[in-house]
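Student: Following the hints, complete the assembly by docking chain B onto the known chain A.
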Amino acid sequence: MKQTTRPPDLRPAGVRDGAATAAPPPAHSPKRRRPTSTQWAAWAFLAPVTLYLALFYAYPLYRNIDLSLRNYTVRSFVQGDAPFTGLANYRKVLDDPTFAPALLHTAVFTAVCLVFQYAVGLALAVFFNQNFRLSATLRALFLVPWLLPLIVSASTWSWMLNSESGVVNAALHALGIGPVNWLTSPSWSLTSVIIANIWIGVPFNLVVLYSGLQSIPTSLYEAAAIDGANAWQRFWRVTFPLLRPVSAITLLLGLIYTLKVFDIIWIMTKGGPADSSTTFATWSYQLGFGNLLPAFGPGAAVGNLLVVAALVFGLVYVRVQRKQALS
Amino acid sequence: MNSSSRQRRLTAAAVTALVMAVTATACSSGSGSSGAGSGTYTIWDPYPQFDKASAWTKLLDQCGTKAGVKIKRTAFDTSDLGNKTLLAAQQGNSPDVLIVDNPVVSTLAEAGVLTTTDDTKLDTSKADPNLLAAGQSGGKTYGTPIGANTLALYYNKKVLKEAGVDIASVKDWTSLTAALEKVKKAGKKGITFSAIGTEEGSFQFLPWLWGSGAKLTALDSSQAVSALSLWKDWLKNGYAPNSVLNNTQTTSWQEFAGGDYAFSENGTWQLANAKKAGLDYGVLPIPGANGGNAAAPTGGEFVTIPVQQDTGRYTTSQKLVTCLTSTANLYNTDTTLSYVAPTGEVQGKQVAANADLKPWVAAVKAARGRTSDDLGTKYPKISEQMWKAVQSVLSGSKSPKDALTSAQAAAK
Chain A
1 MKQTTRPPDL RPAGVRDGAA TAAPPPAHSP KRRRPTSTQW AAWAFLAPVT LYLALFYAYP
61 LYRNIDLSLR NYTVRSFVQG DAPFTGLANY RKVLDDPTFA PALLHTAVFT AVCLVFQYAV
121 GLALAVFFNQ NFRLSATLRA LFLVPWLLPL IVSASTWSWM LNSESGVVNA ALHALGIGPV
181 NWLTSPSWSL TSVIIANIWI GVPFNLVVLY SGLQSIPTSL YEAAAIDGAN AWQRFWRVTF
241 PLLRPVSAIT LLLGLIYTLK VFDIIWIMTK GGPADSSTTF ATWSYQLGFG NLLPAFGPGA
301 AVGNLLVVAA LVFGLVYVRV QRKQALS
Chain B
1 MNSSSRQRRL TAAAVTALVM AVTATACSSG SGSSGAGSGT YTIWDPYPQF DKASAWTKLL
61 DQCGTKAGVK IKRTAFDTSD LGNKTLLAAQ QGNSPDVLIV DNPVVSTLAE AGVLTTTDDT
121 KLDTSKADPN LLAAGQSGGK TYGTPIGANT LALYYNKKVL KEAGVDIASV KDWTSLTAAL
181 EKVKKAGKKG ITFSAIGTEE GSFQFLPWLW GSGAKLTALD SSQAVSALSL WKDWLKNGYA
241 PNSVLNNTQT TSWQEFAGGD YAFSENGTWQ LANAKKAGLD YGVLPIPGAN GGNAAAPTGG
301 EFVTIPVQQD TGRYTTSQKL VTCLTSTANL YNTDTTLSYV APTGEVQGKQ VAANADLKPW
361 VAAVKAARGR TSDDLGTKYP KISEQMWKAV QSVLSGSKSP KDALTSAQAA AK
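Just so you know, the sequences run in chain order A and B. Residues in the first sequence are numbered consecutively from 1, following the UniProt record's numbering. Residues in the second sequence are numbered consecutively from 1, following the UniProt record's numbering.
For reference, chain A alone in the conformation it holds in the complex (with noise of 0.2 Å):
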């Protein structure tokens, strides 16, 4: 699989850089005078894309670099004449007594979701893959936490977990066990919140691993099976291993849809109580639209902080990869 992709992914990466470095071909240096016409279909080809990411992805993040590095009040946002402060709201966002808390949930959050997700979609994945009766409508239903729009399945654990009147305590009840307070203790709130996104974070983990695990072909499971290996070693040792790829970006997308999820927490909780279940992502909307009068500053410098998270992990992937393709 891997030396299949390889190839065309090379090719047009090549060919950007070689306008400017490497020289191409020989046998293309004696058109000289065609490339203007062709080059300039290029440009024209190349202008909406071009257009689009300047208009919906540099400028909205250079306007949010700027909102956090001047302070602003309701008066100066509307004047637009809010005085460069330097990373004055950085610091202040590192002082405030909500930073360690926040980025301490952050990092379980992230952690113990991706981990759940990952290790129940492989385990899914694994028991879909072997073809049995009635086995593709249930992989369809465990689509369904996917297909609902967050509003409707948060909405509904946050009625589940209610600690009066919810399904859940209603059944720990006929268990014999006292009520829990899901989401109103602050020793429960991250961990509903953390069940909640396990739960709709399974099927894109479910769906990426078995097509990754069709890809397997039968053969190395047949060998396996002849030279006496039995359904735990084929596992760990033919499975695992050439899922690799296929992991590693399935981990790496959740990380990053993890690191950012906003609605399911804002919904169950609003980060409470006490800060209890506030990540970086509610903290950040929380100081720029949770309040009357707007902190656009702290806000911004708090998202920029996610970014520049999620960049770092997107790098040490990037860097995986070609080391990966290099061995």
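The hints are simulated quantities; they were obtained by calculation from the structure and are not laboratory data. Hints may contain errors.
To be verified - Derived coverage of chain B by chain A (criterion: at least 3 residues anywhere in the stretch with Cβ under 8 Å from a Cβ of chain A; other residues may be distant):
1) 76-87
2) 102-115
3) 195-207
4) 351-364
5) 372-380
What the hints assert, rightly or not - Restricting the straight-line Cα-Cα distance to at most 25 Å, the calculated cross-link-like pairs of lysine to aspartate or glutamate (DMTMM-like) are:
6) Lys185/B with Glu164/A
7) Lys157/B with Glu181/B
8) Lys381/B with Asp96/A
9) Lys398/B with Glu164/A
10) Lys236/B with Asp402/B
11) Lys58/B with Asp77/B
12) Lys161/B with Glu164/A
Glycine residues also receive a C-beta, built at the ideal position from the N, C-alpha and C atoms.
Tutor: What follows is chain B alone, placed relative to chain A:
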């Protein structure tokens, strides 16, 4: 080859930049012109529940026709409207008339988005002074109330009867707590309210804070601690459900509408729902700590005139606002919104038509604006710290005294 490709790159970059600049200007001029059409006046309101066929939209059109202009109305979600207005003002296309939730007025005034009633010669003399105060800061008035609502205690007569509670005995916090205890002993549920970590939570806590004699400027006072301790003890003793921490006023109402709760702290706007639910209910003003009625915060919207580049537009805007807040129109608007009118004259008319409104009119008269007393934009900061303190205490992570002391320190 190398140099020519660099040249091409440069031209391409220049073309891209040019295209971007053109699109950018096209965008900004496009959005700017929408406010400048001389015969059309824009009105923003927080009533998305009213569609084109509603009496409200028709009223806006009527007022427009009377002033000789066309009306372009846009409805927003109320929590969105403050930020939308700030953004619009930044881009120089504020609406001509803005109807906005009263605690937002002082923030918008601070941002320089709103005109004063002196500038536009808007007459606010008929509005009740305690309601008008929410839209005043620094001795200036930035709009006029279109209607008001506030909080009181709804009670379920059936539940109270079963528990053997005489509602006339509920006069202060001690007798209220005693009533809750009786209700709980009778196997029913006590009281439900909303202590959620948003402005809504602060709104619901305020009658108790003010009823204790505490002030918003001193959250760490012993009175404030006593108010928060009251709520905490209700939760601890099981008089109030733990779900109040996550309840909005709507979800807390749904708990009450279930029929098991004796009391619910809720607003004027639930009156229609109470009838629909078929509850045998009564309404009681929220008692103060030692008797009397506690001041409740005022809810409801203000009609304001945002600053325009073309100051000539104010005359027509002023006509529109005067028309919207005229006695006859106020009566109709406030009846559909289930609000109490902001003027004594219309309040009299409302009570004459619907006796249920009587306790609410009294409650509105005793109510206090959240941003009044020149708190203005200090209020949002205080409020945020207050709901955080309420949340920490009710969830058991801090004592009332510690929570309010740190709230006061952070609000400064």
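Student: Is it true that the CA of Lys185/B sits at most 25 Å from the CA of Glu164/A?
Tutor: Answer holds: Lys185/B to Glu164/A is near 18 Å, not above 25 Å.
Student: Given the proposed pairing of Lys236/B with Asp402/B, does the C-alpha separation stay at or below 25 Å?
Tutor: holds (18 Å)
Student: Check whether the Cα positions of Lys161/B and Glu164/A lie no farther apart than 25 Å.
Tutor: Between Lys161/B and Glu164/A the Cα gap is close to 24 Å, so the pair holds against 25 Å.
Student: Examine the segment 195-207 of chain B for residues whose CB is less than 8 Å from any CB of chain A, and state whether their number is three or more.
Tutor: Our answer is that it holds, as 4 residues pass the Cβ test (under 8 Å) against chain A, meeting three.
Student: Confirm or reject the coverage of the segment 372-380 of chain B by chain A under the rule of 3 or more residues with a beta carbon closer than 8 Å to the chain's beta carbons.
Tutor: holds (count 3)
Student: For Lys381/B and Asp96/A, compute the direct alpha-carbon distance and say whether it is at most 25 Å.
Tutor: Distance ~15 Å between Lys381/B and Asp96/A Cα, so the pair holds.
Student: Test coverage of the segment 102-115 of chain B by chain A using CB-CB distances below 8 Å; three residues minimum.
Tutor: holds (count 8)
Student: Quickly compare the C-alpha distance for Lys398/B and Glu164/A to 25 Å and report which way the hint goes.
Tutor: holds (22 Å)
Student: Sort out whether Glu181/B lies within 25 Å of Lys157/B, counting only the CA atoms.
Tutor: Answer holds: Lys157/B to Glu181/B is near 16 Å, not above 25 Å.
Student: Quick one: see if chain A covers the segment 351-364 of chain B, three-plus residues with Cβ-Cβ under 8 Å.
Tutor: As far as the segment 351-364 of chain B goes, the hint is violated, because 0 residues have Cβ atoms under 8 Å from chain A.
Student: Straight-line Cα separation of Lys58/B and Asp77/B no greater than 25 Å?
Tutor: Within the cut-off at roughly 20 Å; holds.
Student: Taking 8 Å as the Cβ threshold, is the statement that the segment 76-87 of chain B is covered by chain A upheld or broken by the three-residue rule?
Tutor: holds (count 3)
In summary, the structure is inconsistent with hint 4 from the numbered list given earlier, while agreeing with all the others.
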